[in-house]
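I would like the entire structure built from these sequences, with the hints used as guidance.
First to last, the protein sequences are chains A and B.
Position 35 of the first sequence, counting from 1, maps to 35 under my numbering, and the rest follow consecutively.
For my numbering, count along the second sequence from 1 and bump the result up by 166.
Hints are computed from structural coordinates only; laboratory data are not their basis.
Keep in mind that a hint or two might mislead.
[Said to hold, decoys possible] Here are the simulated BS3-like cross-link-like pairs (lysine-lysine), alpha carbons at most 25 Å apart as the crow flies:
1. B/168 - A/156
2. B/590 - B/574
3. B/456 - B/548
4. B/588 - B/548
5. A/138 - B/778
6. B/574 - B/548
7. B/456 - B/547
8. B/168 - A/159
9. B/548 - B/327
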Amino acid sequence: MAATNRIRLIVNNRTYELYRGTGPGQVSPSDTLAFTLRETLGLTGTKISCAQGACGACTVIIDRKAVLSCGILTVECDGKEITTIEGLRDPKTGGLDPLQQAFIDHNAFQCGYCTPGMIMTSRALLDENPHPSEEEIKEALSGNFCRCVSHYHVLKAVKSVAEERG
Amino acid sequence: MKRRDGEEIVTGSAQFLDDLKFRNLLSGKVLRSPHAHARIKSIDKSKAEALPGVKAVVTWQDIPDWRGGTPRNVRVLDKKVRYVGDAVALVAAESDRIAEEAMRMIEVEYEVLPAVFDMDAALKSDAPLLYENLTSNILPGGTPIYGPKCLKGIVHGDIEKAFDEADVVCEGTAGFENIPNALPPEPPGAIAIWEPPDKATLYGTSQAPYMDKVSLYHVFNRELDIRCIGHHVGGSFGTKIMCWQVQAYAIILARATGCPVKVMFSKEEHMTSFTLRVGSRIQAKIGLKKDGTITGIQGTWFVDSGYYSFTTQCQVAVGLAEFMLFAQCPHWDLKTNVVATNRNASGATRGFGGQELNSSFMPILSLGMEKAGLDPLEVIKKNFVKPGGGYFWRNGEWYDYRGIDFSKTMDRGAERFGWKNKWKGWLQPASVNGRLRRGVGVGIHGNADIGEDTAEAYVQLGFQGRATIFLCAVEHGTGQKTNYTRLAAEVLGIPPERVTMTPADTLVTPFEFGPVGSRGTYAIGSAVIRAAEDARRQLLEMAATRLGVPPEDLDTENGVVFVRNHPEKKVRWSAMGIDRTILGYGRFEEDFTMCNCFMSFVEIEADTETGKTRLVRVVNATDIGQIIDPPGLENQMNACWGSAGIDGALMEETILDRTTGNILNANLVDYCWRPFSEIPEVENVVLETPFPSTRFHAVGIAEITNAPGPAAVLMAASNAIGRWLFQYPVTPDRLLKALENKGKRE
Numbered sequence: 001m002a003a004t005n006r007i008r009l010i011v012n013n014r015t016y017e018l019y020r021g022t023g024p025g026q027v028s029p030s031d032t033l034a035f036t037l038r039e040t041l042g043l044t045g046t047k048i049s050c051a052q053g054a055c056g057a058c059t060v061i062i063d064r065k066a067v068l069s070c071g072i073l074t075v076e077c078d079g080k081e082i083t084t085i086e087g088l089r090d091p092k093t094g095g096l097d098p099l100q101q102a103f104i105d106h107n108a109f110q111c112g113y114c115t116p117g118m119i120m121t122s123r124a125l126l127d128e129n130p131h132p133s134e135e136e137i138k139e140a141l142s143g144n145f146c147r148c149v150s151h152y153h154v155l156k157a158v159k160s161v162a163e164e165r166g
Numbered sequence: 167m168k169r170r171d172g173e174e175i176v177t178g179s180a181q182f183l184d185d186l187k188f189r190n191l192l193s194g195k196v197l198r199s200p201h202a203h204a205r206i207k208s209i210d211k212s213k214a215e216a217l218p219g220v221k222a223v224v225t226w227q228d229i230p231d232w233r234g235g236t237p238r239n240v241r242v243l244d245k246k247v248r249y250v251g252d253a254v255a256l257v258a259a260e261s262d263r264i265a266e267e268a269m270r271m272i273e274v275e276y277e278v279l280p281a282v283f284d285m286d287a288a289l290k291s292d293a294p295l296l297y298e299n300l301t302s303n304i305l306p307g308g309t310p311i312y313g314p315k316c317l318k319g320i321v322h323g324d325i326e327k328a329f330d331e332a333d334v335v336c337e338g339t340a341g342f343e344n345i346p347n348a349l350p351p352e353p354p355g356a357i358a359i360w361e362p363p364d365k366a367t368l369y370g371t372s373q374a375p376y377m378d379k380v381s382l383y384h385v386f387n388r389e390l391d392i393r394c395i396g397h398h399v400g401g402s403f404g405t406k407i408m409c410w411q412v413q414a415y416a417i418i419l420a421r422a423t424g425c426p427v428k429v430m431f432s433k434e435e436h437m438t439s440f441t442l443r444v445g446s447r448i449q450a451k452i453g454l455k456k457d458g459t460i461t462g463i464q465g466t467w468f469v470d471s472g473y474y475s476f477t478t479q480c481q482v483a484v485g486l487a488e489f490m491l492f493a494q495c496p497h498w499d500l501k502t503n504v505v506a507t508n509r510n511a512s513g514a515t516r517g518f519g520g521q522e523l524n525s526s527f528m529p530i531l532s533l534g535m536e537k538a539g540l541d542p543l544e545v546i547k548k549n550f551v552k553p554g555g556g557y558f559w560r561n562g563e564w565y566d567y568r569g570i571d572f573s574k575t576m577d578r579g580a581e582r583f584g585w586k587n588k589w590k591g592w593l594q595p596a597s598v599n600g601r602l603r604r605g606v607g608v609g610i611h612g613n614a615d616i617g618e619d620t621a622e623a624y625v626q627l628g629f630q631g632r633a634t635i636f637l638c639a640v641e642h643g644t645g646q647k648t649n650y651t652r653l654a655a656e657v658l659g660i661p662p663e664r665v666t667m668t669p670a671d672t673l674v675t676p677f678e679f680g681p682v683g684s685r686g687t688y689a690i691g692s693a694v695i696r697a698a699e700d701a702r703r704q705l706l707e708m709a710a711t712r713l714g715v716p717p718e719d720l721d722t723e724n725g726v727v728f729v730r731n732h733p734e735k736k737v738r739w740s741a742m743g744i745d746r747t748i749l750g751y752g753r754f755e756e757d758f759t760m761c762n763c764f765m766s767f768v769e770i771e772a773d774t775e776t777g778k779t780r781l782v783r784v785v786n787a788t789d790i791g792q793i794i795d796p797p798g799l800e801n802q803m804n805a806c807w808g809s810a811g812i813d814g815a816l817m818e819e820t821i822l823d824r825t826t827g828n829i830l831n832a833n834l835v836d837y838c839w840r841p842f843s844e845i846p847e848v849e850n851v852v853l854e855t856p857f858p859s860t861r862f863h864a865v866g867i868a869e870i871t872n873a874p875g876p877a878a879v880l881m882a883a884s885n886a887i888g889r890w891l892f893q894y895p896v897t898p899d900r901l902l903k904a905l906e907n908k909g910k911r912e
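The structure is reproduced here in structure tokens:
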């Protein structure tokens, strides 16, 4: 694809055309996707914690895969479809994603800072594998750092959605 | 029982500090020292100031002598740096990038000084001094916060008698010096807005906005009026009650620029320049009787505070006091020393001195228990505080214990764990399967800080049959904000959905100390309950005049006040009129006469070939009085291994290069933490013996669910391999080394 002066991102089904550059609202070559989502597009549901791809707080879904948005440059995402925590609600009804509801029902968070990342990682897992085993859930979430130890309740929440859809 | 902020959390709309938006918000950054100890000879900031987009560069020369610490000898910016990472200059710029570029343009000339990287070096007679106004690196003991009698040691009874009465005497030195970091996911930060001539508004990551106002008032020479506003906090584990430095940086930069400024620490700064857990080492001599009674404890507890102290003397006082709950022995001679070293400072962290002392002491006590052939569970049961007991608390006052007997809790925990079958004696594995050997251990911790410090709340009743709680509380993960609305609702007889809470804003709410020491349920809860009761009393008095009966005959349910024996005689809350509100006030005064109690039984599997250990199973036991929030309680008890609890004995440590003062693993790749795929089996036993606390008879527990685990792990790992392990954490190399030293003690 020929380089243009613009970058197109499809975030939560909405298309954004952003200019390359270093000014406000533009995408610099060194901007991470996490930065663009939070600072340029104002989608602050995606959290930054370690900023080096080790903790999973900034997880979003790109082309159906869980991706660490602090570890990918925005310029690499040109033309990609991106889903963030803000995009999980049902677009028609506005209702919560079943995973979001399960996290509430099972008290699967404490401080809640890692929760958007946990939910996005779980969403990508269930999209790929709707009936994961407990081991598969744990493995999928092993890159998500939760310090309050909500792990046991997260497992219950994810399992409840996996089972319901079975 | 669902969290009221649940939808915000799961949709990403919950606002943490870094999510707040302000017009013209500047980025604030901190230039940090590459040296552990140096005098700043000169700073040339002219190039940085000339960079377009830079709004201010501030060094020690630009600000008054603003200080924090205990004693108050730590300047916000100083001409001397005392650890690798100490603040040298503050920069405010239009963007992070410009601020970072400006920092590279500041030229600093240092005169490097000799440094001390551990307590041994710091305590040498010819050691370089961190503070020239002190005569040694031992910081003055005690803190004015806890009053003139602040606990600095325990002298009680007659220590010589203790050893005469003992059947077994043991001695040793052990420590908990690996500095596991509680490490909340959200780094510390602050946003400040300056209002000339002497006001600032502060948005922070602290879980205690009112105490920020108080601490900063003193830091800024009692000249500033600071309004503190709290919001969602991305984990604290006790650490973020002490954000005064980052907050001071934001205020100084806002004052210098006239614009709002955000200073948000990076994860590296969080791990190198935000306060750490204290280092702890104890030399102790212990007397033990054959029946498990500890007759006396003599020794010195050394506490490494890093380059300064703010709360370390508090942690010494609380740690000692908690130690007395653990060991109700008649004879004591225990001294303490708080030592300054050239590493990043220690500060508040859950466990707050007690966890560190407990973890240091238990390995020495284990030697005595082995000598006397005693089961640790029996020793714990024998010595933990019971009705009839008493102790000194942090303020040096003696308290007669009026809490409950936890013996049943201990028995129930042991039963669930299967302690009787698994405990085979000291240095004996519970089971052996080829190279895999399993061992068990047990620990206990208690804390009377469940009733620490003052709390105030207002409860306002409105004509619509609704109530508002005015409370300076933020949500940092425990779910207590949801619980407070339930407590008030129950007192007022309305559904919890009709109770709302103000934001934590010191301009709006009365004083509240902050959620620490598991005080949320008893101390803060009491203030809310009393405020609701006071509001209810006023409501009934108002209704009494309308209904022509004495207020004692009235009750209220669902927004209606009625005569108890004639419910048809009633008046709605709306009768108060739309032009009136009722405001109840509740206050809690500190009460140290009761404690909570938490036990952890652990089973560890050691691979004698690779040295790797595995946390197989944990059984926790507590008695909480009454469970107010079942899933919240379960979450907190499950957290026994997280945020530097049990894992502080298995893998977590801050690796300090003790030749340069650099922290070598200040990131989440090199700092070891337990991934989801390795979570252990955790079971929780909870009893509900009513406490004489509030009308709901409950107490809190969260702070100490980390505390007994590390000592239990060291015990279990020692038993698994049949060799004593004395150092935290039990890394594979330490385990293999202990195995090599066949027949020798580590």
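Residue 456 of chain B and residue 548 of chain B: Cα distance at most 25 Å? 11 Å, holds
Below or equal to 25 Å on CA atoms is what counts here, so check residue 168 of chain B against residue 156 of chain A. Roughly 15 Å between the alpha carbons, so the hint for residue 168 of chain B and residue 156 of chain A holds.
Given the hinted pair residue 574 of chain B and residue 548 of chain B, is their alpha-carbon gap at most 25 Å? 12 Å, holds
Is the straight-line distance between the alpha-carbon of residue 168 of chain B and that of residue 159 of chain A 25 Å or less? 19 Å, holds
Verify the proposed pairing of residue 456 of chain B with residue 547 of chain B, using a straight-line Cα cut of 25 Å. 14 Å, holds
With a cut-off of 25 Å on the C-alpha distance, tell me whether residue 590 of chain B and residue 574 of chain B pass. Roughly 22 Å separates the two Cα atoms, so the pair holds.
Starting from residue 138 of chain A, check that the Cα of residue 778 of chain B is at most 25 Å away, please. Holds, at about 21 Å.
Decide if the proposed pair is consistent with the structure: residue 548 of chain B and residue 327 of chain B, CA atoms, cutoff 25 Å inclusive. 20 Å, holds
Given the hinted pair residue 588 of chain B and residue 548 of chain B, is their Cα-Cα distance within 25 Å? Cα-Cα ~20 Å, so holds.
In summary, the structure agrees with every hint in the numbered list given earlier.
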